[in-house]
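*Asks:* Can you make the complete structure from the sequences, with help from the hints?
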Amino acid sequence: MTLRGVGRGGSLEYYLWLFTRLSAILMLFAGAAGIVYANLFGRMLMDAPTQYRWAFFPIYWHVQNSDVPDVFPVWSNAFWRVCCAILVSVAMLHGFNGLRVVADDYLRHPLLQVLARGGLALLYLFVCGAGIVVIFEWF
Amino acid sequence: MLTWVLHRLTGLGVLLFVSVHIVAAFFLNALGDEISTTITRWYESRPVQVVVYFCVLYHAFNGLRVLLEDFYPPLLRYHRELIWLQWAVFVPVFGLPAYFMVTGLLFGGA
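If you read the sequences in order, they're chains A and B. Using numbering that gives the first Met the number 0, you'd call the opening residue of the first sequence number 0 and step up by one each time. Using numbering that gives the first Met the number 0, you'd call the opening residue of the second sequence number 0 and step up by one each time.
Hints were generated in silico from the structure; no laboratory data involved. If a hint is listed, it holds; no wrong ones were tucked in.
Among the chain A residues that face chain B by a calculated CB cut under 8 Å, a handful are:
(1) Leu27
(2) Ala129
(3) Val133
Listed next, with one range per pair, are the computed distances between beta-carbon atoms:
(4) Phe135/A to Tyr98/B: 34 to 40 Å
(5) Val35/A to Ile82/B: 25 to 31 Å
(6) Cys82/A to Val4/B: 33 to 39 Å
(7) Leu84/B to Val35/A: 18 to 24 Å
(8) Tyr42/B to Gly9/A: 36 to 42 Å
(9) Val50/B to Trp137/A: 29 to 35 Å
(10) Tyr98/B to Phe78/A: 37 to 43 Å
(11) Ile24/A to Glu33/B: 39 to 45 Å
Yeah, the Cβ is synthetic: ideal placement off N, Cα and C, and Gly gets one too.
*Replies:* Have a look at this one:
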């Protein structure tokens with residue numbers, strides 16, 4: 000998990016390594032900010048799934064049962080939907096890149112590696128697309 | 000080694016949960032079919048919520064420690080102590096809500 004075998008200086012592997020760290024910082028701050036905000040402004044004790052929703056995915060119809068005031072009008076605007084879409088894309092890239100690293104550790108054959116990477120890229124695009132459709136309600 | 004294995008397993012757990020959640024929400028809203036409803040009920044069940052909480056929290060704390068060690072290498076001298084500190088923070092922060100989730104206070108559905 001450290002810089003072992005990654006090598007600095009402009010390689011894609013290095014930038015993905017850096018991306019994993021930076022997106023982790025983003026998600027840690029987003030999660031902490033969401034939970035602190037919800038618990039400061041919520042009117043009732045929130046159950047665990049509601050706190051998860053607040054931590055990561057501020058879709059306005061996703062968090063309305065947490066009873067935090069003014070969520071509905073504020074978070075249904077385009078700005079927060081774009082923020083939410085960016086957060087989902089970054090989080091899923093973090094996750095699928097991690098899965099790619101795990102797969103590379105177990106797949107020795109180059110052809111299998113290529114197939115795994117291609118499959119993961121397609122899966123990433125599909126999940127991201129599904130998430131963005133849900134966020135913008137393009138049903 | 001244990002932290003490395005747990006980081007992988009919990010990362011895979013989070014990825015599985017988030018992907019299944021997004022795809023199920025997509026099909027639930029687009030089609031409203033029986034399968035997505037079943038999947039949604041599964042990941043909103045109590046044991047899955049506790050496991051997801053473990054995965055998210057462990058991955059977050061361990062990732063934070065790795066981040067700090069990577070961006071500020073002098074901390075690597077205190078690697079073992081940091082892991083103990085991480086467990087000391089993790090156990091109560093996971094244990095208390097998990098206890099309440101199991102006993103039903105913090106449990107909720109849809």
